[in-house]
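J.: Chain by chain, the residues run as shown.
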Amino acid sequence: MKKDIILCGVGGQGILSIATIIGEAATEAGINLKQAEVHGMSQRGGDVQSNLRLSTENIYSDLIPQGGADVVISMEPMEALRYLPYLAKTGTIVTSSKPFVNIPNYPDEAALMAELDSMPSVVKLDIETVAKDAGNARGANMVLLGMAAPFIEILTVEQLRKAIAVIFARKGEAVVEANLKAFDSGVAASKK
Amino acid sequence: MKQLLLGDEAIALGAINAGLSGVYAYPGTPSTEITEFIQTNKVARERGVHSRWCTNEKTAMEAALGMSYAGKRALVCMKHVGMNVCADAFVNSAITGVNGGLIVLAADDPSMHSSQNEQDSRFYGKFALIPVFEPSNQQEAYDMVASAFELSEGMKVPVLLRIVTRLAHSRAAVEVGELGAENKLCPSTDQWVLLPGIARKKYVDLLGKQEAFQKASETSAYNKKESAGQKLGIVACGIGYNYVKENVGDNADILKVSQYPLSPKAIKAFAAEHESILVVEDGQPVVEETIAGMVGADYPIKGRLTGDLPRTGELTPDCVAKALGKPTGPAFDNAKNLAGRPPQLCQGCGHRDVYTALNQVLAEYPDYRVFGDIGCYTLGALPPFKALSSCVDMGASITMAKGAADAGLFPAVAIIGDSTFTHSGMTGLLDAVNDKANITVVISDNLTTGMTGGQDSAGTNKFEAICLGLGVEPEHVRVVVPLPKNMPEITRILKEEIEYNGVSVIIPRRECIQTAARHARERQKAKEANK
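The listed protein sequences derive, respectively, from chains F and C.
For the first sequence, my numbering gives the first residue as 1, with consecutive numbering after it.
For the second sequence, my numbering gives the first residue as 1001, with consecutive numbering after it.
No lab work stands behind these hints: they were computed from the structure.
A hint or two may mislead.
Under 10 Å between C-beta atoms, here's a sample of chain C residues computed to sit facing chain F [unchecked claim]:
{"id": "1", "residue": "ASN1137"}
{"id": "2", "residue": "GLY1177"}
{"id": "3", "residue": "GLY1180"}
{"id": "4", "residue": "ALA1181"}
{"id": "5", "residue": "TYR1243"}
{"id": "6", "residue": "GLY1325"}
{"id": "7", "residue": "GLY1329"}
{"id": "8", "residue": "GLN1347"}
{"id": "9", "residue": "THR1452"}
In this text the structure is predicted, and so the values were computed from the model without any measurement.
Every residue, glycine too, gets a C-beta built ideally from N, C-alpha and C.
Let the hints inform the model, and build the full structure from the sequences given.
T.: This is how it looks when you write it as structure tokens:
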């Protein structure tokens, strides 16, 4: 079994934390993993992405081929659309519904949402509001990971929860609980 | 034990476990994380492994060579263009030879994710006539460090370790070995004085080692042949191997190349077994050209030069699939509602205030030019500032402004960051002072090396002293604090110094907001720990 995932967003939105948690869960489960990240110039408020490949078999390429991504997980709706050429025909887009506008030529929002909705499999949610409602305003990326969890398949929701606990352990029990709560509300929203 | 490591981290840990005594480097994407890993590694700290940042790649290369002279294992790391900066020391280190193992790590950036060109460091390996290692994955990156140190000490030459962005910044599980001992202090007793008469003899010695280097490549565990009875032979170099395997699995004839120099014997034999060869290499067509010279003009070779693979940009699973006649493709077209989102200066960054002031003052001069340099502030070339006319290489802002001023251009303004100034700007400023060039230099000092993630900057707290020491007149070294509220003062000073006919230096100084936030967090943490 294999799962190819593209994580994307705008520099500073916390996609690498999502990657770290999936990576921890995969390592713990003994699943092979390759994760190509973006460092350097691209982090300054520009678009960022990470190619995350999980497989029970040997993984060669660090990059996902076009038409190969099973899931696109995006912190920002327009950024989700950027990777359409990489999305598999049967793939799913899991994205925040709230635009992050830091460029003057951001597309028309209604048209953008209509294009997203026209895709065969999309889950979108205002993750920032959900995170706030869960009492963890900084946990939007954990809400997103929760939304995506049912689609990652090669890892169970429980394995991801455990990884969150491990990764945030050194920040204390309260931080772990807050992030798990954000994650759980994402999982619940995804199932609706 | 397996650990999840970036390619860069695998190299760092491989070096520590191979008994490294010093890493010497200047930050540069995608090589920075190697030195950062060693700086924070517990074992390296306990052992006192040298890991402080150097002023530039040349000082790094020379210090590493000095450590090798003293008998210990040294690693020098840089991004590909850093090889140009250290080339003098690098090429000559092949002539002097080494004592303790010496690895030169060059991280190439095909597709120019964070760079000005996509030069291929394997050319430097050929140029200096030394062995080159090119890992295909994170495990090889880890393993190769020990192999390269052994080869370096065995052959008495530096070894080049060449990686690319996709390996440097990609994570995978790596089987990590045992910690080895450092070398003991044991200074070289060989001849290292490269006077012409001695250098001629040492150059002949180096040429005499070439056959042994080829033999090492032929017997290398990192080079291997896979056979499936195909007519097409694929020469797959470095991570190119992964893209081939991704597409054809075990159903291909592959000559995997991860250690150079290429063996003419191996290449000729591989060519004889096949009807044609496809060369899959990330970077420039180094191997494609070399092979052409080995198998004869009529032998069909495909690769980047023939257009079977793109001439520019990094390899992808898709372009390699196409070259193998196995086109993949998107299931969905590009989105319609999509705009580019280029990187930009952070909100609240001091560089922003510098550009706002510069643009305001220079608007009064019809023929002004601002010569830029390498760092976050290069983003001042983009909207909304559009403030720069050039950005070429580390330090070129000052010297290009000087040359333009020599030609009569006015006002000629240079803008350079603090770390870039100490890296390669100081010597140019001395030229300008000696010529009394009519230039205005802005050293935008954010107290860090910002672009690469906030590493310590070599000249912090020394800039006024450096400028005065180089001979800039004291009344024309001006310090300002780049904040919107100080705009009237900054613009007034800029105007005065542009009007001064000679060298003036303006130093807008305010800490990078990213490192300031990090430092505040660290202070808070320390405070809590002391409670």
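J.: Would the hint on TYR1243(C) be counted as holding, given a Cβ-Cβ threshold of 10 Å to chain F?
T.: holds (5 Å)
J.: Under the criterion of a CB-CB separation shorter than 10 Å, is GLY1329(C) in contact with chain F as hinted?
T.: holds (6 Å)
J.: Would you settle whether the hint for GLY1177(C) is holds or violated, based on the nearest Cβ-Cβ distance to chain F being less than 10 Å?
T.: With a minimum Cβ separation of about 18 Å from chain F (threshold 10 Å), the hint on GLY1177(C) is violated.
J.: Let's test the interface hint: is any C-beta of chain F closer than 10 Å to that of GLY1325(C)?
T.: violated (15 Å)
J.: Would the hint on THR1452(C) be counted as holding, given a Cβ-Cβ threshold of 10 Å to chain F?
T.: With Cβ-Cβ at 7 Å, under 10 Å, it holds.
J.: Close enough to count: is the Cβ of ALA1181(C) nearer than 10 Å to one in chain F?
T.: Given a least distance of 30 Å, the restraint on ALA1181(C) is violated.
J.: Let's test the interface hint: is any C-beta of chain F closer than 10 Å to that of ASN1137(C)?
T.: Nearest chain F Cβ about 8 Å off; hint holds.
J.: GLY1180(C) was flagged as interface toward chain F. Is the shortest Cβ-Cβ separation under 10 Å?
T.: violated (25 Å)
J.: Please verify that hint: GLN1347(C), Cβ, nearest Cβ of chain F, below 10 Å or not.
T.: holds (8 Å)
Checked against the numbered hints above, the structure violates hints 2, 3, 4, 6; every other hint is satisfied.
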